[in-house]
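Asker: Next come the chains, spelled out residue by residue.
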Amino acid sequence: MRVVWKKQGVREAIAGYSFMAPTIIVMGTFVVLPITYALFLAFNKVRILGELSYRFIGFKNFIRMASDERVLIALKNTAEYVTIVVPIQTILALLLALILNSKIKGKNIFRIVFFLPTVTSSAVLTLIFMWIYNSNGLLNNFLAFLGLPTYNWLGDPAVALKSIMLMNIWSTAPFYMVIYLAALQDIPESLYEAATIDGANPFDQFVSITLPLLKPVTFFIVVMGIIGTFQLFDQSYIFSAGSGGPNNSTLTVVLLIYQYAFKSLDMGYAAALALMLAGVIMIVTLVQRYFFKEEN
Amino acid sequence: MKIEPLAKTLSLWGFLLLLVVTLTSCGFRNSPEGITITLSGWQSNPNEKQLLEQVLRQFEIQHPHIKVKHETINDQYMDVIKTRLIGDAAPDVFYLDAFEAPLLMKYGVLEPLNSYVNAQFDLADFEPTLLKAFQLEERTYGLPKDFSTLALFYNKKAFQEAGIEQAPQTWDELRDDSKKLTVDKNRDGRKEQYGFGLAPELSRQYFMMTAFGGRLIDRQENAAFFTSGSLKGLQLVIEQYRKDQSSAQPSDVGASTGSEMFGQGKAAMVLEGTWAIPYLQETFPKLEFATAEVPTVNGKKGTMAYTVAYVMNKKAKHKEAAWQLIAYWAKEGLALPTRKSVLAELGFVNNPLYAPFAKGADYATIWQSGETLPTILTHFNNQFISALIGEQSLRNALRKAQRSANEEIQSAR
Amino acid sequence: MKSLNWLKGFLYIGLIFYGIITFLPFAWALSASFKPLSEIMAGGSYFIPDHFTWDNYRTIFFREPLFGRWLINSLVVAAFITGFNILFNSMAGYALARIQFPGNSFLFFVILAVLMVPGQITLIPSYLILKNLGWLNSYQGLIIPNVVNATFIFMMRQFFMNFPKELEEAAALDGLSRGETFFSIVLPLAKPALAAQAIFIFMGAWNNFLMPLIILSDPEMFPLPLGLNTFKGQYISYWNYIMAASMVLTLPALVIYAFFNRYFIQGVTFTGSKE
Numbered sequence: 001m002r003v004v005w006k007k008q009g010v011r012e013a014i015a016g017y018s019f020m021a022p023t024i025i026v027m028g029t030f031v032v033l034p035i036t037y038a039l040f041l042a043f044n045k046v047r048i049l050g051e052l053s054y055r056f057i058g059f060k061n062f063i064r065m066a067s068d069e070r071v072l073i074a075l076k077n078t079a080e081y082v083t084i085v086v087p088i089q090t091i092l093a094l095l096l097a098l099i100l101n102s103k104i105k106g107k108n109i110f111r112i113v114f115f116l117p118t119v120t121s122s123a124v125l126t127l128i129f130m131w132i133y134n135s136n137g138l139l140n141n142f143l144a145f146l147g148l149p150t151y152n153w154l155g156d157p158a159v160a161l162k163s164i165m166l167m168n169i170w171s172t173a174p175f176y177m178v179i180y181l182a183a184l185q186d187i188p189e190s191l192y193e194a195a196t197i198d199g200a201n202p203f204d205q206f207v208s209i210t211l212p213l214l215k216p217v218t219f220f221i222v223v224m225g226i227i228g229t230f231q232l233f234d235q236s237y238i239f240s241a242g243s244g245g246p247n248n249s250t251l252t253v254v255l256l257i258y259q260y261a262f263k264s265l266d267m268g269y270a271a272a273l274a275l276m277l278a279g280v281i282m283i284v285t286l287v288q289r290y291f292f293k294e295e296n
Numbered sequence: 001m002k003i004e005p006l007a008k009t010l011s012l013w014g015f016l017l018l019l020v021v022t023l024t025s026c027g028f029r030n031s032p033e034g035i036t037i038t039l040s041g042w043q044s045n046p047n048e049k050q051l052l053e054q055v056l057r058q059f060e061i062q063h064p065h066i067k068v069k070h071e072t073i074n075d076q077y078m079d080v081i082k083t084r085l086i087g088d089a090a091p092d093v094f095y096l097d098a099f100e101a102p103l104l105m106k107y108g109v110l111e112p113l114n115s116y117v118n119a120q121f122d123l124a125d126f127e128p129t130l131l132k133a134f135q136l137e138e139r140t141y142g143l144p145k146d147f148s149t150l151a152l153f154y155n156k157k158a159f160q161e162a163g164i165e166q167a168p169q170t171w172d173e174l175r176d177d178s179k180k181l182t183v184d185k186n187r188d189g190r191k192e193q194y195g196f197g198l199a200p201e202l203s204r205q206y207f208m209m210t211a212f213g214g215r216l217i218d219r220q221e222n223a224a225f226f227t228s229g230s231l232k233g234l235q236l237v238i239e240q241y242r243k244d245q246s247s248a249q250p251s252d253v254g255a256s257t258g259s260e261m262f263g264q265g266k267a268a269m270v271l272e273g274t275w276a277i278p279y280l281q282e283t284f285p286k287l288e289f290a291t292a293e294v295p296t297v298n299g300k301k302g303t304m305a306y307t308v309a310y311v312m313n314k315k316a317k318h319k320e321a322a323w324q325l326i327a328y329w330a331k332e333g334l335a336l337p338t339r340k341s342v343l344a345e346l347g348f349v350n351n352p353l354y355a356p357f358a359k360g361a362d363y364a365t366i367w368q369s370g371e372t373l374p375t376i377l378t379h380f381n382n383q384f385i386s387a388l389i390g391e392q393s394l395r396n397a398l399r400k401a402q403r404s405a406n407e408e409i410q411s412a413r
Numbered sequence: 001m002k003s004l005n006w007l008k009g010f011l012y013i014g015l016i017f018y019g020i021i022t023f024l025p026f027a028w029a030l031s032a033s034f035k036p037l038s039e040i041m042a043g044g045s046y047f048i049p050d051h052f053t054w055d056n057y058r059t060i061f062f063r064e065p066l067f068g069r070w071l072i073n074s075l076v077v078a079a080f081i082t083g084f085n086i087l088f089n090s091m092a093g094y095a096l097a098r099i100q101f102p103g104n105s106f107l108f109f110v111i112l113a114v115l116m117v118p119g120q121i122t123l124i125p126s127y128l129i130l131k132n133l134g135w136l137n138s139y140q141g142l143i144i145p146n147v148v149n150a151t152f153i154f155m156m157r158q159f160f161m162n163f164p165k166e167l168e169e170a171a172a173l174d175g176l177s178r179g180e181t182f183f184s185i186v187l188p189l190a191k192p193a194l195a196a197q198a199i200f201i202f203m204g205a206w207n208n209f210l211m212p213l214i215i216l217s218d219p220e221m222f223p224l225p226l227g228l229n230t231f232k233g234q235y236i237s238y239w240n241y242i243m244a245a246s247m248v249l250t251l252p253a254l255v256i257y258a259f260f261n262r263y264f265i266q267g268v269t270f271t272g273s274k275e
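Chains as they are written, first to last, in this note's numbering: chain H, 1 to 296; chain B, 1 to 413; chain V, 1 to 275.
Just to be clear, a hint being listed does not mean it is correct.
Per label pair, the in silico range of CB-to-CB distance [unchecked claim]:
(1) S208/H with G9/V: 43 to 51 Å
(2) F52/V with E161/B: 32 to 40 Å
(3) D172/B with G58/H: 38 to 46 Å
(4) R69/V with K315/B: 56 to 64 Å
(5) V183/B with V159/H: 51 to 59 Å
(6) G175/V with I104/H: 45 to 53 Å
(7) Y46/V with V183/B: 47 to 55 Å
(8) K156/B with T150/H: 26 to 34 Å
(9) K156/B with T53/V: 57 to 65 Å
(10) Y46/V with R395/B: 26 to 34 Å
In silico lysine-lysine, BS3-like type, Cα no more than 25 Å apart, as pairs [to be verified]:
(11) K185/B with K157/B
(12) K191/V with K107/H
(13) K8/V with K67/B
(14) K400/B with K263/H
(15) K286/B with K156/B
(16) K314/B with K132/B
(17) K319/B with K286/B
(18) K314/B with K8/V
(19) K340/B with K263/H
(20) K131/V with K317/B
(21) K107/H with K8/V
(22) K67/B with K315/B
(23) K106/B with K263/H
(24) K315/B with K131/V
(25) K191/B with K157/B
(26) K191/V with K103/H
(27) K106/B with K45/H
(28) K191/V with K215/H
(29) K263/H with K191/B
(30) K340/B with K315/B
(31) K319/B with K301/B
(32) K319/B with K359/B
(33) K286/B with K315/B
(34) K157/B with K263/H
(35) K319/B with K191/V
By construction, these hints were calculated from the structure, which means they are not laboratory data.
Only a predicted model underlies this, so the values are computations on that prediction, with no experimental measurement involved.
We put the CB at the ideal spot given by N, CA and C, even for glycine.
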């Protein structure tokens with residue numbers, strides 16, 4: 001039967017929107033709506049507890065950000081965190097996926113063990129880690145055993161953020177490893193076989209077959225990595241008992257937002273900060289996408 | 001691989017959707033014959049929960065037309081309460097810590113209790129400093145249900161070994177004793193026992209500042225703790241940590257709280273509250289410890305007091321019933337009862353473990369200071385720890401903390 | 001080639017080392033779940049409990065009357081969320097990747113943008129919306145806002161980018177509509193991606209804590225993580241119960257992962273045989 005091409009456009013549109021319908025309805029109500037409300041709050045001085053009141057103040061919340069020292073510190077901490085964690089996490093995930101996809105023994109056991117940190121909720125993980133990072137805990141005992149210097153991983157501001165970084169990389173890399181594993185399944189064996197016949201060695205095959213075909217998925221993983229690290233909250237909250245200390249060393253932007261929203265009930269300013277963060281993430285993602293040029 | 005017909009898939013999902021809708025109509029709400037009021041609180045331990053349930057059932061027996069639905073909020077208590085207050089879905093009666101009270105009182109979400117208090121109800125029986133914490137502009141918003149102060153816990157065995165006969169009475173004595181009690185038995189550079197366990201939070205250190213005339217806020221509720229009085233008081237703490245090296249934070253020795261550190265024998269003395277007594281008895285049964293009043297600082301007796309009250313939601317539907325519950329409760333405290341008569345009656349003053357806590361009620365500084373305290377707390381703790389570990393001088397830390405706290409307070413106005 | 005064996009040996013050592021490091025914390029948590037509280041606090045033994053006890057688990061399972069109810073709540077909610085998500089996310093991802101319809105790029109942009117706004121700020125508005133719908137303390141409130149997930153729509157879109165056009169064109173020539181093509185050809189071939197989704201969405205739904213904490217006040221409606229948080233007291237933490245609870249929480253997710261892991265075994269490809 002022949003397809004009627006004239007009506008193709010309309011048909012496609014209908015198909016597209018029917019596929020998108022559940023998403024549009026549910027996300028529209030439960031995600032987009034609250035965000036729009038937050039958008040509105042950002043431009044007002046809000047009193048939300050007791051008597052509700054809004055006073056439009058334009059960009060004042062955003063101007064306040066520029067002179068708020070803690071915002072700058074939070075951004076710096078978060079940026080440092082992102083630039084270190086995202087590349088390491090992505091590369092580790094790819095490495096693990098490649099290894100666990102190859103013909104080595106005990107693949108399945110390794111896959112399950114490596115995935116343990118991701119399967120555990122972040123609250124539980126943080127608890128476990130606080131035990132490991134304990135001054136008398138596993139890590140320090142191990143280091144002392146090797147004759148290496150020990151630190152107060154939790155209490156020393158110079159090291160606190162790095163402790164969180166380490167823990168996060170270790171617990172999030174498996175998540176991306178699984179996604180890479182799924183993507184690797186979609187690369188047909190035949191491509192590799194053909195390349196081997198043509199005399200390409202494993203490294204060449206990796207660079208010219210694997211990497212390019214993994215590009216869409218890598219884009220996903222890097223973007224999600226950026227978003228996830230920029231929005232770090234759980235660990236820094238638990239580590240610093242909500243204060244962001246010592247001396248603001250574990251203060252991340254979302255922790256700051258939480259403090260303003262829930263401790264001081266300054267919802268307008270908190271909303272403005274949230275929008276600022278979203279803006280920053282967007283810019284970083286666009287820059288990263290420019291360097292990544294998606295292929296279709 | 002089978003080809004799945006479209007119809008089959010869609011009907012499966014349709015069925016599932018139907019299932020969801022059906023399940024969700026399995027509600028639990030039944031129309032009550034009497035009145036149901038909701039009570040929320042956090043819980044300290046599973047035992048307390050049982051005691052609480054007992055009290056509630058007794059209340060229901062005495063007031064047959066009132067049913068109490070008790071819900072515990074297991075985490076982030078204040079965040080959840082605030083969210084529910086905002087959404088008009090908060091419980092009728094709930095716990096409120098003195099620390100958080102000013103904010104809620106100011107925003108007018110609590111029901112004033114003055115009109116419910118009748119002649120039979122003796123407000124004067126409540127410990128005045130504790131009651132005052134829940135009063136704003138002549139109106140009482142909550143009745144404190146129990147309280148705790150800080151007292152000195154000391155390890156009897158450690159004291160024996162160091163040849164100390166009695167608990168230190170002044171802060172100077174405490175420092176001397178600390179030095180004697182700090183030991184490194186196997187000389188590996190790591191001390192097994194510190195003389196004193198330190199909690200570097202404003203909530204615990206505030207009384208050190210007031211001993212020298214320091215305070216937290218001024219009349220306009222701006223941060224005003226950067227004064228010579230506060231400096232002197234806190235300097236004692238810093239010196240003991242940095243110079244004497246006879247005190248340690250819990251994280252330094254691998255513990256999460258002062259009580260834990262004390263129980264593990266890593267600190268010979270700590271300042272903790274009544275909550276520590278059951279904890280130590282249950283978790284470290286072999287530990288021999290005793291309590292004493294907090295040593296005097298600058299010649300003055302002082303300690304911290306923490307109290308929690310039952311408050312009523314302004315939007316509660318059955319206010320009279322809610323009041324009955326609050327009034328009933330005020331008679332049953334779970335830590336230390338706040339009514340002087342009950343305190344005496346239950347013999348707390350004579351119980352050697354609890355006596356120092358009870359005595360402390362007379363001169364304690366209550367942990368509360370206006371609605372800006374939460375903000376001040378964050379900034380203070382943030383900087384104070386940095387001074388403690390030697391990153392900056394105490395003077396700089398306090399100045400910075402006050403300045404950043406005030407910046408935040410001003411911009412929020 | 002000798003160098004390759006060398007490399008392989010090195011690789012195995014590295015993997016085993018990494019595996020041990022990863023497993024250790026869980027080994028400790030597991031052993032802690034069998035110790036009485038005093039033993040954990042005394043901090044002496046590491047991996048072999050001195051006083052092995054089933055007490056912690058017994059307390060959680062039996063002394064806590066609502067445990068069974070919490071478990072069922074979690075299972076029901078997680079199952080529904082996972083089921084709906086796999087379907088809806090894949091549909092949306094496919095549409096965004098393969099169907100040229102007006103507004104395609106815009107919708108994709110919105111979905112990405114939505115991911116970038118931190119959840120803490122939408123907490124209160126979401127709560128207000130749920131309250132106005134009357135969905136507090138209900139299964140709908142827990143399930144419906146979560147039946148689609150922007151992250152996985154994004155992921156499915158990326159997966160479908162590489163889908164071979166020939167299959168779609170062949171289906172079109174055979175007279176299949178987009179919908180039929182999707183359900184009968186595309187979806188079956190996307191098994192690895194669907195498996196990945198199933199794992200993660202189940203995990204997310206299973207471990208979800210904050211939203212349930214805020215919207216649920218009736219203890220009978222609590223999902224497991226919320227219910228088990230009872231043991232984290234205001235002043236004192238009962239580490240023994242907490243560790244036992246953590247083990248109970250982690251196990252189902254691990255089982256689901258182990259089950260779906262087989263879909264990551266080579267063999268299912270897009271351009272291979274359709275069968």
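Asker: Now tell me, hint by hint, if it's right for this structure.
Answerer: Structure-based check of each hint:
no. : hint                           : result
1   : S208/H with G9/V: 43 to 51 Å   : violated (28 Å)
2   : F52/V with E161/B: 32 to 40 Å  : holds (33 Å)
3   : D172/B with G58/H: 38 to 46 Å  : violated (57 Å)
4   : R69/V with K315/B: 56 to 64 Å  : violated (30 Å)
5   : V183/B with V159/H: 51 to 59 Å : violated (28 Å)
6   : G175/V with I104/H: 45 to 53 Å : holds (46 Å)
7   : Y46/V with V183/B: 47 to 55 Å  : violated (25 Å)
8   : K156/B with T150/H: 26 to 34 Å : holds (32 Å)
9   : K156/B with T53/V: 57 to 65 Å  : violated (29 Å)
10  : Y46/V with R395/B: 26 to 34 Å  : violated (44 Å)
11  : K185/B with K157/B             : holds (15 Å)
12  : K191/V with K107/H             : holds (20 Å)
13  : K8/V with K67/B                : violated (70 Å)
14  : K400/B with K263/H             : holds (20 Å)
15  : K286/B with K156/B             : holds (12 Å)
16  : K314/B with K132/B             : holds (20 Å)
17  : K319/B with K286/B             : violated (48 Å)
18  : K314/B with K8/V               : violated (70 Å)
19  : K340/B with K263/H             : violated (34 Å)
20  : K131/V with K317/B             : holds (17 Å)
21  : K107/H with K8/V               : holds (14 Å)
22  : K67/B with K315/B              : holds (18 Å)
23  : K106/B with K263/H             : holds (14 Å)
24  : K315/B with K131/V             : holds (16 Å)
25  : K191/B with K157/B             : holds (17 Å)
26  : K191/V with K103/H             : holds (21 Å)
27  : K106/B with K45/H              : holds (17 Å)
28  : K191/V with K215/H             : holds (20 Å)
29  : K263/H with K191/B             : violated (38 Å)
30  : K340/B with K315/B             : violated (31 Å)
31  : K319/B with K301/B             : violated (41 Å)
32  : K319/B with K359/B             : violated (35 Å)
33  : K286/B with K315/B             : violated (50 Å)
34  : K157/B with K263/H             : violated (43 Å)
35  : K319/B with K191/V             : violated (58 Å)
Of the numbered hints stated above, those contradicted by the structure are hints 1, 3, 4, 5, 7, 9, 10, 13, 17, 18, 19, 29, 30, 31, 32, 33, 34 and 35, listed in ascending order.
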